[in-house]
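Visitor: Got chain A sorted already, so can you dock chain B onto it with the hints?
In the order they appear, the protein sequences are chains A and B.
Residue numbering for the first sequence is 0 to 972, as defined by numbering that gives the first Met the number 0.
Residue numbering for the second sequence is 0 to 255, as defined by numbering that gives the first Met the number 0.
Hint data in this document are derived by calculation from the structure and do not stem from the laboratory.
All of these numbers come straight from a predicted model, not from anything done at the bench.
The beta carbon of each residue, even a glycine, is placed where N, CA and C say it ideally should be.
One should not assume that every hint holds.
[Stated by the list, open to error] So the derived label-pair ranges between C-beta atoms look like this:
1. A:V679 with B:G134: 42 to 48 Å
2. B:V154 with A:L604: 47 to 53 Å
3. B:A249 with A:A513: 42 to 48 Å
4. A:Q70 with B:E244: 42 to 48 Å
5. B:Q234 with A:S310: 32 to 38 Å
6. B:V154 with A:G403: 37 to 43 Å
7. A:Q345 with B:A249: 53 to 59 Å
8. B:A55 with A:L604: 57 to 63 Å
9. A:G950 with B:Q234: 57 to 63 Å
10. B:V154 with A:I826: 26 to 32 Å
11. B:G232 with A:S863: 52 to 58 Å
As a plain string of letters, each chain reads:
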Amino acid sequence: MFGWLKKRKSTPVEERSYAGVYAFWSGVLFLTTMWAVWNEVSTRRPWKEYQSQFYEMKVDLLGKRLAEARQGLDRDAIKALSKELSATKAKWEGPEIQKVISEEDRFKREVIDFTRERANAKSKVDATNYLYEHNTRLMDAAEAAASRKERTALEAVMNAFEAKIEDAERKIDSVDAILAPVSLHIKDVQAQIDSLSGPVPVLEGKIDIARTAPLEIKQVILEAFDRSNWGMTKSRIDRCQTCHMGWNDSLFLGVDFEEGIISKYSSAGAYVHKNYGAKAAAPVIGVLQQALFGKEGMALSDSEAKSALESALGKNKDDASTILKKFSGEKERLIGLKKVFGTHPQLDLIKKHNPEKFGCTSCHAGQGMALSDVEQAHGFEEHWDAPLLTSHYVEGSCVNCHAGRAEFAPYAQWISTGKKLFQDFGCYSCHDNVDVPDFRTMKQAASLRRVASKLTPSFMFSWIKNPSGMNPHTRMPNSMLSDDQADAVVTYLTQASDAEGYVPDANAPAGNAAKGKSVLEHVGCLGCHGTKDFPAAGRLKEGNSFGPHLSGLAGKITRPWLVDWLKNPKHYSPTTRMPSLRLTDAEVGDVAAYLLQDGDQPTLLPHEFTRLQDKAWADSGAKVITDYGCYGCHSIKGFEDRNKLSVSLAEFGKKLVQQLSWGTIPEDTLSKVREHFASVGLPLGKSINAHHDEDWYTWTILKLKNPRIFQTDQIVQRMSNFSMSDSEAYAISVYLRSLRKTYVAPQFLDQGTAVQTALDSGRNFVRWNNCVGCHKVEGAGGSVSERIKVIENVPDALAYSPPIITPEGAKVQEQWLTQFLRSPSPIRPWLQIRMPTFGFTDSMVTIAQKYFLAIQGQTWGEKSYDSFTPDPALAAGGQILFTKFQCIKCHQMGAVTDVTSLAPNLQLARSRLKPDWIPEWLRDPNAIQQGTRMPSFFPDGQSPAPDILGGDSQKQMKALRDVVMSLGKKKSV
Amino acid sequence: MRKFSLLLAVLVTGYFFTVGCGKKEEANNETAGESAAVDAATAATITGKISFEGTAPSKGDPVKVDADAKCKEMHASSPLYNTPVCVNANNTLKNVFVYVKAGLEGKKFPMPTESVEINQQGCEYHPHVFGIRVGQKLSIKNSDATLHNIHARGVTNAEFNVGQPNQNMVTTKSFDKVEIMVPFRCDVHSWMNAFAGVVDHPYFAVTGDDGTFTIPNLPPGTYTLAAWQEKLGTQELSVTVAAKEKKDVALTFKGQ
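Chain A on its own, in the form it takes in the complex:
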C-alpha cells in the first residue's frame, strides 16, 4: 500500500516529482475557495431570500393594482391615439421631414459660421478704427484717410455677414414652420395617451424597478448614538430595513397583502389555486385571510373558519377540512411573513419618529447590525443585553428619550397606565426611582398622625389584617401581619396619636340622612368618591376612584372626626388633598348623618386588645412599622425623615436573569405564568431561555402578583401584596421594563421646551388634585357629568356640569385665576356642584397658570388688562346689539334672584375675562364649551342685525365685547 511512498523515498530528492502534491493541494484550495464564495454569497445572507420574496410580493401587489387600473381604461381611444402617434412619428422619420431637418441643421451651422465670421470682421473693424483715431490725433491725415478707407471696406464685409445670418435665420424660421406642427402634434397625442392611461405607466415603471432592484443591505447610521462601556461615543448601525422592507410601503397593508401572503406562501393557498382556479379561489383565500389576520383585529375561531370556508366552497364543502389541515401547520410562518414585510402598525407615530433618522433599535432594541440569522438579528442570543422588546414592552422605550413625560397616550397606553399605577399604588414610597413628579414626595395615603381620633382600635386591627377584604376598592396593600404584629402597630399608632393632642371640632347639628345624601350627591363629593349608588371602577387614582370609597363608614370612623373633617379637612391633616367644599354646619350634619347611617357596618375580626397602654409593646409596633415600611405611604409620628425602605428601581429594567433571586420556585410555575398571560391577551416579552424558563418578565409578573413568592428560609421578603389584577401587574411590568437609564446621545433626546415642561407638570398637577374628576381638560376627564345626568335626571348634563377648562388660559385673566384658585366664588348660579377650596400653595397655582396658558399657546408673565379701552366707533352699535340680542335675559346682573336665569353675571367679565377672548367665545360658543346653553348669534359668521355696523359680524362681536367689558366696576383683586 505504501509501496509508492517507499519508492519515492528511495528516489533522490532532485528527481522527485511534486506535480501530484501540488495538484492535490490546489484541488483543496479550489474547493475551499468555492465553499467560501458559496457561504459568503448564500448561506450567510438569509436576508437575500427575504428581499427577493419582498420584491416578488411587490411585483404581485403592483400587478394587481395594474390589472385594476387597466380595467377602467378606454382601450379603443388609446389604441386610436397610439396609432396616430406612430403614424405621426413615422412621418417625422420619413424622408420629407428628415430632409427638412437636415436643411435646418445646415442653416443652423451656417448661423454659427457666419456669426463667427462677423465677430472676426468686427474685431478687424475695431482695430482699423483705432488706427484711424490714433492717426487723426497725431495729425497724420494721409494715414488716417487710409485707415478710414480700410475700415469702411471691413465694415462692408461685416455687414455682408450680418445679412447672411439674417438670411439663414429666416430660412430656419421657414423650416420651423414645417416642423413645429408635427412635433407639437406628437407631444399633444402623447399627453392625451398619458391622461387616458392614468396610473398605468407609473405602475408599469414601478414594476420594472421592483423586478430589477438589486439585493443590497439597507442600513441607517445613527451618528454617536451610543456610548461604549469605556464612555466613548459610538455610532449605531441598524440594518433592520434590509428584511423589513415594507415598513412605510402602503402596498403592504390591508387585505390584498394578507391574501397575497396566503396565496403565494402557503400550501393551502397553492392547493386552492390549483384546484379551483383564480376566480373561485378568491373567496376561499378571503376566508383564510380573515381566519388568520381577522377583520379589524377579529380573527375567526377554528369552528367559525370551518363554516365560513364551507359556505365559500359551496358544493365542494367537503374540501374544507383538507384545506384547514394544511393551513393550521403554516399559520405561524404566515403571520411571521406579515410581520417581516408588513407596514408599521402605527404609521402616524412613525411620522414623528422617522426610522431613517432614529433607526429601529432605538425603540425596539435587538442587534441592529446582525444579518446572518433571524434570532441573532433580534438580539435573542445569550450575550446580547438588549434583545428585541416584544409585545407591549416596546412602549418602555418612549422613556429613553422622553423622560418625565406625564402621558404617552394614545400611542403607548400600557406604559402610561403602568406609570400611573406605579404612582397611585405608591410604589415610589418604598422604592427609589428617578422618574417621579415633584409633588409625589408628599405621602400618598392618609395621615396617621392623629388616627386614634378617627378610627377605633378594632377597626384599625381588622383593616390592617385585610384591607381589600373590607373595601375592595382600596389601594392599601396587605402586609400579611400576624395578629400580634397588627396589635402592636395599632398600639403604637394609638399612643403616638394621643400624644398629638388633636381635638376635633364636632360642632354640627344632628342632621337628616336623606338630606345628607342629596347634599353629597350635589355639591361635588362624587367627583372624587364612589358611593353605593355610584360605585367607583378601577383602582387608578382618577375620577371617582380618586378618594376613598364612601361605604362601610359607620363602623369605621367616629362622628366628631367626620364632622371636623367635613368642615375643614386640613384641620386634621394639613397635607391632605381633600379640599373644603365650604359646607354649612347644617350641611355637615346632614352629610355626617348620611355617611354614618345604620346598616352600613363593616364586619370586624374578633380581637381583644390587652396592651394598648403598654409602652414597650408600642415600641415593638414601631419595629413592625419600620420593617414593613408603613411610613412610606402614611405620615406617622416618629417616622419623619426615614429613608426609602426598599431597593432602588432606577435600573430595574435592565436586570439580568442572573441578578434575580428565584427562591425555590418550581419550574412549571414559570411556564404556567407565561401561558396564562398569553391566554388573556397580555403576552409577556420574549426572552431566550438560558436557564429553564427563568427570565425578567416572568420574575417581575410573579413578584407583582405575589410579592413574597421568592421567599426562602434564608431570604426574608416583606413587600406587601397589592392584590393586582393581571392587567395591573402587566401595565406595571411594562413601566418597570422602561427603567433602564439607557444612554441616548443628546441630539436624539427630547430636550423639552418650556411649553412641554409646563404641560407635563400641569398634567401631573391636574391628576394629583383630580381636577379631571370634575372638569374636562385637553379632551379627557369630567366623568362627574355622567353621575350628574342620573342625579339631576336631565338630558343635557353637560350644562349642569363643571365647565370644560381647556380654554382657561385664553379665557380668564391671570390675576383672576390666581384669586379664584385660592378662594373660589360662584360664577354659574345654576350649578349646584361647587368648585372646592383646595388651599393650593403659590407654586401649585403657578403650575396651574402655566399649564392653562401652555395649552392655549400663551406664556406666563405679569399681565394687566386694566388698560383696556373700548373703541368709541363701536360704542353706539354695541349698545343697540346688547339690547337687541337681549343678553340680560339670561345674564342677570347684580344680585341673582332666580337661578333659572342660567348665565354668568356679566359684571364679572371685566375683571375675569381676557378682552380678546369674548369675540372668540361669541363666534361659536358650542365649539368651545360643548353643551353650553349660550347660543351662537352669528351662525356661519352671519349677523342677525345687518343694519348695525354695516352688518360686519367681526365688528359686532368686538362691539359687544366693549359693552360687556364696560359693565360694572373694576373689582380689585
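Guide: Just chain B now, kept in the frame of chain A:
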C-alpha cells in the same frame, strides 16, 4: 290690527290649551316628497291608530312663564301646560312619531324641495314632534317678539344652538345623519322643547288629534314599523304589504 290678531291668536290658542293638549296642528301625515322609484300601480299604504291604555296623566300645574315678560303677556289668560303624554278625547295618543325603521335599506328616494318648518310661537314650538329627511332643509322661525334660542342636541348629528333675537327671523339648518330623535330646547325658556325624527326616506308620520296616521306610496314588502313617544318609549311592529294593499295596524302604549 296686528295687536288685535295677536290677541285673537292668544285667545284661540288658550282655548285649545285648556281643552286639549295644544293648538291643533296640521297633522304631518304627508309623506315628504313623491318617490319616482316607487311604481304607483303597485304602491301600498299603511294606516293605523296609536291607542293609549290606562289613566291619562293629569296636566299638573301651569308652567311658570313669568321670567319672560313677553311669554307672561301671551299666556296671561291661557296658561301653558307641559304635557309630554298627550291623550286625545278618543283615548288615542297625539304626537307619536311613526316611521319605517327597517325594510327600505339600500333604496334611494327623491328629496323634497320644500323645507320643514318649526315655529317658535307663544313661547312654544310648533310642531312639537315632526319628521324630516336627512339633508332636507329645516326652516326655524321665531314668531315671538322675544329672544329664543333653538338648541338642537343631537347625538349622531352635530349639536347646534342659534340665538334668534329678531321677531320673524328665520334660520335654516339641516341634519346629515339618521337620528331618532333629535331633541330641541330653548335655553331661555326651559319649558320649551320639541323633537325631530331624522330619517333617510319619506315614510314617516306624526299622529294628530285623532291618533291616526297614514304612510302611503310604499313599495310592496315587509317592513319594521316603529312608533316613538317622548315619555312612553318606542314600539315596533313587523308589517308586510302586498301590491296595492291598504293595511290597517294598531299599536297601544300603556300609561306609566
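Visitor: When the structure is checked against the list of hints, which entries are broken? Sort them ascending.
Guide: Hint 9 alone not satisfied by this model.
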